[in-house]
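A.B. asks: For chain X, the structure is supplied; the task is to place chain R on it using the hints.
Same order as they appear, the protein sequences are chains X and R.
Following the UniProt record's numbering, the numbering of the first sequence begins with 1 at its first residue and continues without gaps.
Following the UniProt record's numbering, the numbering of the second sequence begins with 1 at its first residue and continues without gaps.
Calculated directly from the structure, the hints in this document are not laboratory data.
There could be a bad hint or two in this list.
Which copy is meant is left open, because identical chains are indistinguishable; a pair holds if it fits in one copy or across any two.
[Stated by the list, open to error] Only pairs whose alpha carbons sit at most 20 Å apart, straight line, appear in this in silico SDA-like list of lysine to any residue:
no.	residue 1	residue 2
1	Lys556	Gly51
2	Lys372	Ser415
3	Lys352	Gly51
4	Lys422	Arg534
5	Lys333	Pro7
6	Lys333	Arg554
7	Lys485	Gln500
8	Lys41	Ser29
9	Lys242	Thr202
10	Lys485	His496
11	Lys531	Val454
12	Lys441	Glu231
2 protein chains.
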Amino acid sequence: MNASNPPVIGIIGGGQLGRMMALEAPRLSLRCKVLDAGGAKAPCAGISEEGYVEGGLKDSEKLKELAKGCDVVTAEIEHISVPALEELESLGVNVQPPSSVFKTIQDKLVQKDHFAKAGVALPRYMDTPNVEAVKRAAEEFGLPLMLKSRKEGYDGRGNCVLKSIEDAQKAFDTVNNPGGVYAEGWVDFVDELAVMVVRSTTGESKCYPTVSAIQRDSVCRIVVAPARAPESSRLLAQLTAKSAIDSMPGATGVFGVELFICRDGSVLLNEVAPRPHNTGHYTQDACACSQFENHLRAVSGMELGGTDLIVGAAGMVNVLGTGDMEGTTAALKLAMSMERAAVHWYGKAPAKLGRKMGHINITADSPAEMEKDLKALMDAVGLTMEGEGKGGDVFPPPPLVGVIMGSDSDLPCMSAACSILKEFGVHFEVDIVSAHRTPVKMTEYAKEAAGRGVEVIIAGAGGAAHLPGMVASMTPLPVVGVPIKTSTLSGVDSLHSIVQMPRGIPVATVAIGNAQNAGLLAVRILASTRKGLREKMEAYQRGMKEVVEGKSERLKDIGYEKYVEGMGNKGGTVNV
Amino acid sequence: MNASNPPVIGIIGGGQLGRMMALEAPRLSLRCKVLDAGGAKAPCAGISEEGYVEGGLKDSEKLKELAKGCDVVTAEIEHISVPALEELESLGVNVQPPSSVFKTIQDKLVQKDHFAKAGVALPRYMDTPNVEAVKRAAEEFGLPLMLKSRKEGYDGRGNCVLKSIEDAQKAFDTVNNPGGVYAEGWVDFVDELAVMVVRSTTGESKCYPTVSAIQRDSVCRIVVAPARAPESSRLLAQLTAKSAIDSMPGATGVFGVELFICRDGSVLLNEVAPRPHNTGHYTQDACACSQFENHLRAVSGMELGGTDLIVGAAGMVNVLGTGDMEGTTAALKLAMSMERAAVHWYGKAPAKLGRKMGHINITADSPAEMEKDLKALMDAVGLTMEGEGKGGDVFPPPPLVGVIMGSDSDLPCMSAACSILKEFGVHFEVDIVSAHRTPVKMTEYAKEAAGRGVEVIIAGAGGAAHLPGMVASMTPLPVVGVPIKTSTLSGVDSLHSIVQMPRGIPVATVAIGNAQNAGLLAVRILASTRKGLREKMEAYQRGMKEVVEGKSERLKDIGYEKYVEGMGNKGGTVNV
Chain X
1 MNASNPPVIG IIGGGQLGRM MALEAPRLSL RCKVLDAGGA KAPCAGISEE
51 GYVEGGLKDS EKLKELAKGC DVVTAEIEHI SVPALEELES LGVNVQPPSS
101 VFKTIQDKLV QKDHFAKAGV ALPRYMDTPN VEAVKRAAEE FGLPLMLKSR
151 KEGYDGRGNC VLKSIEDAQK AFDTVNNPGG VYAEGWVDFV DELAVMVVRS
201 TTGESKCYPT VSAIQRDSVC RIVVAPARAP ESSRLLAQLT AKSAIDSMPG
251 ATGVFGVELF ICRDGSVLLN EVAPRPHNTG HYTQDACACS QFENHLRAVS
301 GMELGGTDLI VGAAGMVNVL GTGDMEGTTA ALKLAMSMER AAVHWYGKAP
351 AKLGRKMGHI NITADSPAEM EKDLKALMDA VGLTMEGEGK GGDVFPPPPL
401 VGVIMGSDSD LPCMSAACSI LKEFGVHFEV DIVSAHRTPV KMTEYAKEAA
451 GRGVEVIIAG AGGAAHLPGM VASMTPLPVV GVPIKTSTLS GVDSLHSIVQ
501 MPRGIPVATV AIGNAQNAGL LAVRILASTR KGLREKMEAY QRGMKEVVEG
551 KSERLKDIGY EKYVEGMGNK GGTVNV
Chain R
1 MNASNPPVIG IIGGGQLGRM MALEAPRLSL RCKVLDAGGA KAPCAGISEE
51 GYVEGGLKDS EKLKELAKGC DVVTAEIEHI SVPALEELES LGVNVQPPSS
101 VFKTIQDKLV QKDHFAKAGV ALPRYMDTPN VEAVKRAAEE FGLPLMLKSR
151 KEGYDGRGNC VLKSIEDAQK AFDTVNNPGG VYAEGWVDFV DELAVMVVRS
201 TTGESKCYPT VSAIQRDSVC RIVVAPARAP ESSRLLAQLT AKSAIDSMPG
251 ATGVFGVELF ICRDGSVLLN EVAPRPHNTG HYTQDACACS QFENHLRAVS
301 GMELGGTDLI VGAAGMVNVL GTGDMEGTTA ALKLAMSMER AAVHWYGKAP
351 AKLGRKMGHI NITADSPAEM EKDLKALMDA VGLTMEGEGK GGDVFPPPPL
401 VGVIMGSDSD LPCMSAACSI LKEFGVHFEV DIVSAHRTPV KMTEYAKEAA
451 GRGVEVIIAG AGGAAHLPGM VASMTPLPVV GVPIKTSTLS GVDSLHSIVQ
501 MPRGIPVATV AIGNAQNAGL LAVRILASTR KGLREKMEAY QRGMKEVVEG
551 KSERLKDIGY EKYVEGMGNK GGTVNV
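Excised from the complex, chain X in its bound form (with noise of 0.2 Å):
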């Protein structure tokens, strides 16, 4: 960083990314200049410490303006002027990232084809100039056919969906503009990914987690990170944004990069913007550097920040104007109330319908202890899972612990491990997972637990009882094994082959029979980083404690043989 003389960074574009990233610059020892034609109701106008030039974002005379006196030039929406960066790149303006990644990028066209060519993933597509080559592209991919504008085109405007071929020359009308059409394959995804990607000017780039992006009429409305997909796939999903992005020569700044997950969970890559992203706001409460702060780190030839989370999970809801200020902030003040939520307002008015107002980030420990937060948000802007066909539950959080045991005979013991889980409020998954008979399920159950977010296994099994030592052995997760008794040795065979493991796969080994301890101790696990079950497992210690001292008040009160007869003959412990 340079103090002495910070640099300054002009925007193209005082919209609400122009804001957020002015809003991180003064402490970075960055001054920004901004150019937008909003005049004083442009969210950015009033913030950007250097100033601010009214005029149009493709004005090639606005946009000298904006760059005198900026040590870069940098923009917070692709859909501005190639040939004037270029002129400006022609003057000696150092634009980040240079006018050949938006010429890239913003037809969509040839966006495609460069991503062809650099070998990443995508859905099938061609070029439609007229209404016969629509034809032909249905005849080719099937319908439904995906028709979208090359150009200019966000939030699912410039996008038409053609069902029947009837209405190919509507739909070609509708999404037809200077920049022309093409048309895509039909994705059946289950699910939208994304991942910000960002570069620096020494070429080195690094990714952000990837996020499952909830849309709903093509605009993006909810943010969960990490993403509910497999690792595999959430690691699948990095690795193309992240080539997609370095394919692009001298590529810089922060890169949003939506993808399609498909049912055998391949990833597609479906769009690029070259800005912060509505599916990176998040990490400007959950991770170390945000995607605003490395924006400008990037463009300003700074080292990167970090990009991991630093929380268990985080979540975005957009909100979007309702019509009046009264309904759109609902949300807000309902956030406001939450213990970890952070609201983003982005200053606009008015709050005309469907119109990005601002958002809310929110952190956990985990993404099961998300879910109240988000569900209550997600009601109060209006959205519920309905229509989705699963029953008002598409996104359920993985759960912290996952109970396994080798036969069903094992879940009257079993399931006294859940009833705990369950009133300590831990999310938790049962499956019924064999060493001996379903081998290849428990090896994957094991090499896969880790990546859907489980934190601790608990496997019970009888007798000759390989499970939880086979799932140890497979997993870099803590195992607890539950030995259940059998009726030959009594859980001793059990015991031994569970506890006695060999150097190098440790099974943490409960009493026999005693899987309500398992889920105690799988609770004490998730409790050493977690404050609130902490403070419930301390109470729960404080109430057992209280059920002793009862017992011993209610022995002085009727005497040793009263108590002993109410007891029955049974030598186990009365209610009191």
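C.D. replies: Positioned in the frame of chain X, the structure of chain R alone reads:
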């Protein structure tokens, strides 16, 4: 929040604290207006959306100019004119906190009297209007004696330590100003703590975590959160701070409360500042709602945001001027290359010696994991722990794992757990704690471990091996039990003693004598929420696979007969 008509906050003082408030305001739909004498050089200039009034902070007319159009007026500094504030209030201006709070706080003797009356624990103090009174104070409190200006002191300015009674006049003259002088009895504190308290207009108050504030020459240099102090003292500090703030009628906004922790763990209030404070800067990157946001929320009548840490540990390093920009920004440049550091530059120039120019916040999953970055940054700002008399490591981070055993004869076995923790870079402690020979020590250890920051306990014991279970019954932490092999029953006695715990109190038991697995289990537990450690565990597991593959290769190479020969008579494994 009010988005239709964003409230305007007037801030008296446009230094770094005002600047950091102003940077948080836009996203909350608040607009800041600032009064400062610094002109274009003030850190707030160009940052506050609603404009800037140039003028002295005590200038009644300028204050009125500031208040014009403001919904509320607050301050970033306590050295302001109470009569001028009272005049504003009489004109109907909403001043938060009210002038009465500044009146109580800005004269430190009045502050002491107020808190003493409210029953807050304080060092002994006495009014010393003249040298005779100073001598009486020295007689009563002993030497050294702390003399302080009643008004206008900060960062040690206005303080003087009287070591010899002959210097009484000189010391008195040093700190005497129109506000007068008072004396404080010497406090032999072991550490300085601080707690930020925020209080709403409805009287709700919340504490941020207790932090350690490390000073040099009476200037705060480093803050570590949570404080490196016993949990009971941390809690006591929060209670003391909260009761102090709640004792001031109508107190609103954020308060910095500085405290001493004494050798016996008791806590004394030192001073209170009615504003965001240097010891609360870490909240920007480590809490859901920073001290600056919470101050804005509180004074403008909004609900309070979350004050808990959302990360495992945080640190703050002040960047003081070194006389030139190059030297001053060295630590900032280092911070830019760290994954989890955030740079906060105040936009000041020149970098005068000792001037507060900026700060760096760092975060980590645990105090131990923060140590490396913290030490590197301390080094970069020229801070060593020398002169503290504790061998350069005064503030050791708490261990993540406690390894305990019933007897030193268990150490050869238990050291295998330590070796694993060392290999994985996990900070741990080792001690001998016997259930039967040191039951009181065991109780203390078990009860205090969680509060000290320990996340997992490994306990080894042999025979009637009570240690793991007894410890588990007195801590909410996961306890890993290692059954030590015995000569009489080969450790089966130890195993059954450790594993067969009653319902309610689990011990994660590993194989007889297998302390290595206990270490690995502790790592797996810690790794469940730590990405870096998880990756190390996966690498370790791959390593084990490779060792076996190597052996398999060699077996194929040399044949089983030669292989078995090479193993000698022990039947053990052979190194390849």
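A.B. asks: Now tell me, hint by hint, if it's right for this structure.
C.D. replies: Quick rundown of the hints versus the structure:
1. Taking the closest pair of Cα atoms, Lys556 and Gly51 never come within 20 Å of each other, the shortest separation being 81 Å inside a single copy and 75 Å across copies.
2. When the C-alpha separation of Lys372 and Ser415 is checked against a cutoff of 20 Å, the pair qualifies neither within a copy, at 25 Å, nor between copies, at 44 Å.
3. Taking the shortest Cα distances, Lys352 and Gly51 never come within 20 Å of each other, neither inside one copy (27 Å) nor across copies (28 Å).
4. Within a single copy, Lys422 and Arg534 get their C-alpha atoms as close as 15 Å, which meets the 20 Å cut-off; across copies the closest is 27 Å, which misses it.
5. When the C-alpha separation of Lys333 and Pro7 is checked against a cutoff of 20 Å, the pair qualifies only between copies, where the shortest distance is 15 Å, while the shortest distance within a copy is 37 Å.
6. Neither within a single protomer nor between protomers do Lys333 and Arg554 lie at most 20 Å apart by alpha-carbon distance, with minima of 51 Å and 68 Å respectively.
7. For the homomeric pair Lys485 and Gln500, the shortest alpha-carbon distances inside one copy (17 Å) and between copies (12 Å) are both at most 20 Å.
8. Taking identical chains as interchangeable, the C-alpha atoms of Lys41 and Ser29 lie at most 20 Å apart only when they sit on different chains, with a minimum of 14 Å there against 26 Å within one chain.
9. Taking the closest pair of Cα atoms, Lys242 and Thr202 come within 20 Å of each other only inside a single copy of the chain (15 Å); across copies the shortest separation is 50 Å, beyond that limit.
10. In this assembly of identical chains, the alpha carbons of Lys485 and His496 lie at most 20 Å apart whether taken from the same copy (12 Å) or from different copies (15 Å).
11. Taking CA atoms no more than 20 Å apart as the test, Lys531 paired with Val454 passes in both settings, with 19 Å inside one copy and 13 Å between copies.
12. In this assembly of identical chains, Lys441 and Glu231 lie within 20 Å of each other by CA distance solely inside one copy; the values are 17 Å within and 45 Å between copies.
In the structure shown, a violation is registered for the earlier hints numbered 1, 2, 3, 6, in ascending order.
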